[in-house]
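> These protein sequence lines are chains F and H, in that order.
With the numbering used here applied, the first sequence has no gaps in its numbers, which climb one by one up to 1541 at the end.
With the numbering used here applied, the second sequence has no gaps in its numbers, which climb one by one up to 393 at the end.
Keep in mind that the hints were calculated from the coordinates and are not lab data.
All of these numbers come straight from a predicted model, not from anything done at the bench.
It cannot be assumed that every hint is accurate.
[As the list claims (entries may be wrong)] Label pairs and their in silico Cβ distance ranges:
no., chain 1, residue 1, chain 2, residue 2, range
1, H, Q192, F, A1361, 54 to 62 Å
2, H, R236, F, P1456, 46 to 54 Å
3, F, V1299, H, E141, 50 to 58 Å
4, H, L253, F, P1456, 39 to 47 Å
5, H, T33, F, L1354, 56 to 64 Å
6, H, K147, F, V1518, 33 to 41 Å
7, F, P1357, H, T73, 53 to 61 Å
8, F, P1456, H, E141, 21 to 29 Å
9, H, K147, F, R1274, 54 to 62 Å
Cβ coordinates follow ideal geometry from the N, Cα and C atoms, glycine included.
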Amino acid sequence: MATVAATATRRRPRRRRGPGLRARLSSVAWATLAWFAGIVFFFPVLWMVITSFKPEAAAYTSNPKFDFSPTLSEYKQVFSAGMGPFLANSAIATVLSVLLVLALATPAAYALSLRPVGKWRDALFFFISTKMLPVVAAIVPIYLAVREVDMLDSIPTLIILYTAMNLPIAVWMMRSFFLEVPGEILEAARMDGADLRHELTEVVLPVVAPGLAATALICAIFAWNEFFFAVNLTSIRAATMPVFLVGFVSSEGLFWAKLAAAATIASVPVLIAGWVAQRQLVRGLSMGAIK
Amino acid sequence: MAEVTYEDVTCCYPGSDTPSVAGLSLDVPDGEFMVLVGPSGSGKTTALRLLAGLEELTDGRIEIDGRDVSGVDARDRDIAMVFQNYALYPNKTVAENIGFALKMQGVDRAEREQRVREAASMLGLEELLNRKPRQLSGGQRQRVAMGRAIVRRPKAFLMDEPLSNLDAKLRVQTRVQIAELQRRLGTTTVYVTHDQGEAMTLGSRVAVLKDGTLQQCAPPRELYDDPVNAFVAGFIGLPQMNLIRLGLEDGHVRLGEERLEVPREIASDAADRGAKEIIVGIRPEHVTVADSAGGEGIAGEVLLVESLGADSYVHASLAGSDTSFVARTEGYDSREPGTNVRLRIDPSRIYGFDADTEERLGAGERSRSGSGAPSEHR
């Protein structure tokens, strides 16, 4: 009796039905494609870093070499080539232009989203239309204007130009983040007695902080990598890292290993910033994607 | 604590021909719990937002504590609002959310913390003060929103469907808490809901709105017993009053195969208006359901029985017509669909409404009001 009762009560755990074979194969296929795409896009960067640890003679061979004796000699030569001032110029121009962009874009985006001004659509289109002009078409008048005010080869020139270059993108991005702020919390803040300043600082900016970080990072990347203005408007005092890199492409030849080492060093600050802000970047760029 | 007055208030959104609120006049005495109720689009939320200062008046005026606030910004009206989705500040803790208004008023830190603790204690939030809104349940968030309102000691509370995002059980519990809190604080409260059951249990008076206009404002019992028109009669009460358009002949209407005499005052009022057709209203609890073998009553057939435990709602079609009726019976009703029944109606409980204007017939001669202030209606 006891055995029958025990048998009756002991049940086989039900096998959970997972995703079918087709779904699993599809998942594997997508994962493989994603890895392949990632490797394809990352490979040039990986090759650049590997090349930076090769001696110059081994850096450019008709059959790419994967076995070599790594060396830091090219890095030493890059550091001793006077990279410091170029790095400092890039850092100053990038940081100050990003701060200026955020200071200007935030109220502009606010006026185009949460408290829309009249003809806000026209204002928005005007902002983005400035990106439609290729910079090549504008370099001559810009050069002449900068020369006229005696600001060639100066960091403030780059700061102003980088700010102007990034402002439309920053306004568009910040506007989309502001639009994600629930209208009710703004109304609640108003009813709690918050004025415009407190509404922004206490309520809106904390909510859009990830978007602010994403905008800052993107503007920093654009400013750090900017080459055309820097090479045309600077020479000795205000030249930036991209201009320094081009120095390794000379009439004496193309110094691949040194170029790779310099490019790796130039990439590090942006990589660090991206790593530090990656969570905010993902949150900021995906804000509004899912309701 | 203050009196709130709407004086002929109209609000028409730009680009719209139809006003959202049209000529609303309403007095809310000091300390009263006024409920604005109506279906979606009735203008109740707009009326509340006009009082809050979050919408602009097109015409009329609003007074709070005798002061015209029609052009005054929301932040300067000294009223607190509980929003439908709570509108808590996501990056602030519970304590910071509750104390935010006091911070904006410049209240010093020590007093601010004291008042936040008091409000939290009233609402059972003491253990949650360091949490962020995303770490709270729906009911807890709702209480934080309430705390944010009461800590300010405002002239009036405004509540925009604060229970609509809660489950049914929590809604009932929180409803009781809100009523007790308002009674304890004695603050004038204007509460918006689409749920007529909530309106009837919470409000000391209930204002029924439809299409932006006030239909009737009266204590709940008066709304239920003495509706001024067919809309109020049909909106208030669950299940809804049976409303049927019928021809009137010699003071009688034909319901199914039976001829039913309407109350004298209804027939008289209809005759004065020259009405050949009226809308007859009968509350489900005034219809008794008997087995077909019973003999008397209107022949019908059961369509559906909804058993709710203490009561059952019997839906029946009337023989010889397209009309269906709802009757409320006590306890569990085991009748199956298709069962033949007899529906008996107490003629003295029949309501009549003008078929064109939907106004109540015979109301002047048979008023059941006895609860204080007379009904306000248009």
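> Cβ-Cβ distance between F:P1357 and H:T73: within 53 to 61 Å?
Distance hint for F:P1357, H:T73 is violated at roughly 31 Å.
> Range hint 50 to 58 Å: satisfied by the CB atoms of F:V1299 and H:E141?
holds (56 Å)
> Just tell me: holds or violated, for the beta carbon distance of H:Q192 and F:A1361 against 54 to 62 Å?
violated (42 Å)
> Does the Cβ pair H:L253, F:P1456 satisfy 39 to 47 Å?
With a Cβ separation near 44 Å, H:L253 and F:P1456 satisfy 39 to 47 Å, so the hint holds.
> Using the C-beta atoms of H:K147 and F:V1518, is the stated range 33 to 41 Å upheld?
Roughly 35 Å apart at Cβ, these two residues keep to the hinted range, so it holds.
> Evaluate the given range 54 to 62 Å for the C-beta pair formed by H:K147 and F:R1274.
violated (38 Å)
> Between the beta carbons of H:T33 and F:L1354, is the distance compatible with 56 to 64 Å?
violated (42 Å)
> A range of 46 to 54 Å was offered for this pair. Does it hold for the Cβ distance of H:R236 and F:P1456?
holds (48 Å)
> Measuring from beta carbon to beta carbon, are F:P1456 and H:E141 in 21 to 29 Å?
At 25 Å between Cβs, range holds.
The structure does not agree with the numbered hints 1, 5, 7, 9 stated previously, though it agrees with the rest.
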